[in-house]
Amino acid sequence: MRDSIPLVSNEQKFQSRIDAEQKVEPKDWMPEKYRQNLIRQISQHAHSEVIGEQPEGKWITRAPTLERKAILMAKVQDEAGHGLYLYASAETLGVTRDELIDRLHTGASKYASIFNYPSLTWADIGAIGWLVDSAAIVNQVSLQNTSYGPYARAMVKICKEESFHQRQGYNIMMTLMQGAELQREMAQDALNRWWWPSLMMFGPHDAESAHSAQSMKWKIKRRSNDELRQQFVDQAVQQAHAIGLAVPDPDLVWNEQREHYDFGAIDWEEFQRVVSGNGPCNRQRLAHHVSAHKEGAWVREAMAAYEAKRRTVPAEVA
Amino acid sequence: MSDQIQLYEVFIRSSRGLDHKHVGSLHADDAQQALEYARDVYTRRGEGISIWVVASKDITASQESDCDSFYDPLDDKPYRHAAMYELPEGIDSL
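These protein sequence lines are chains A and B, in that order.
FYI, the numbering for the first sequence is 1 to 318, going by the numbering used here.
FYI, the numbering for the second sequence is 1001 to 1094, going by the numbering used here.
It should be emphasised that the hints constitute simulated quantities derived from the structure, not laboratory data.
The structure displayed is predicted, hence computed values, not measured ones.
In this text, a Cβ means the ideal position worked out from N, Cα and C, and glycines have one as well.
Be aware that one or more of the hints could be misleading.
A short, non-exhaustive set of chain A residues, derived as facing chain B with CB atoms under 8 angstroms [to be verified]:
no.: 1; residue: P118
no.: 2; residue: T121
no.: 3; residue: R153
no.: 4; residue: N171
no.: 5; residue: Q239
no.: 6; residue: A308
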């Protein structure tokens, strides 16, 4: 009898698909909260790629050699492309590019807080490539297995292209560490300033993370903030020591039992301050994006006008 | 063949999580019919879970012969590849 058949809700079907490690694709039914959660995460990721161009882009004209300049330019171009992949992936969820940009400009949508710190010296370009990109890669590798198909596929492509970013950054640090005392000091100073913000990139501790539990259940996130942070610390400490840099954490110690580094407490007040808009460069980063967007309006208008004109003129026979 | 029959390109997603892949083409009167034909012809042995059809005339394609001018492989920029950067001994996680 029809009544005796247990009703399986869309929600249950959806969750069992997730549990079976099947990807969700754009036209599938999905809970509204899953959709909103993904739009939030993917757009935040996209904004980070784009805003992240600012601290690095500033140094293109001041790179110490022509080769370093070409490398940095290629890297910043890659970041712009990664932003595009991610915006396109978010758009498959039914949100428009204009809405996404608008949310960035009104502050409704965030980007990685680390880009609110200034890049003061050339060594910062080394530290950003090495630490910030390494941290991003640790996170992105795990996101290659995220449950939403278009996001997972964008991650695969991004990780492939990103491999040179962290190496060029590390190479800058290594070169400085082989240089004069002033250069070594500059590298150490950059590490001192970028180390803790890099650890903060992984977000609050698991117990305090606002979106984590649901995101793990939906397999949007595959590994917890603390797991990813630990992996990053283990790698980065070894890399720092290999080129003679000291990690600015007096509590850092190898834990034989855990086979991981123990590290000191993160200053979550600083994290909150920067996330909520009061880091050293928040206003500057956003203002720059807003003005670049406004100043580019004529290009978008010209392209639309050209296209409209082309449509009214009969196609020429080649 | 009627005047309006046209060529459609068929793309199939073989399983969730993978991209749609081009598998071939067929003639049909409209997109809906192309979709049904594609199901009949290209998915006879469980090849896929999702089909896209696109009118061939709507595809704008680059030419392989234009390779050099259209997309330079940038072989003169080896620094865009990780392999160019040497690592110190014992460091393999970069």
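Verification of the hints:
With a least beta-carbon distance of about 25 angstroms to chain B, the hint placing P118 (chain A) at the interface is violated under the 8 angstroms criterion. The interface hint given for T121 (chain A) is broken, as the beta carbon of that residue sits about 21 angstroms from the closest beta carbon of chain B, more than 8 angstroms. Of the supplied interface hints, the one on R153 (chain A) holds, with its beta-carbon coming within about 7 angstroms of a beta-carbon of chain B, less than 8 angstroms. With 8 angstroms as the threshold, the beta carbon of N171 (chain A) comes within range of chain B, its nearest partner Cβ sitting at about 5 angstroms, so the hint holds.
About 6 angstroms separates the beta-carbon of Q239 (chain A) from the nearest beta-carbon of chain B, less than 8 angstroms, and the hint is met. Restraint check, A308 (chain A) versus chain B: the minimum CB separation of about 19 angstroms is more than 8 angstroms; hint violated.
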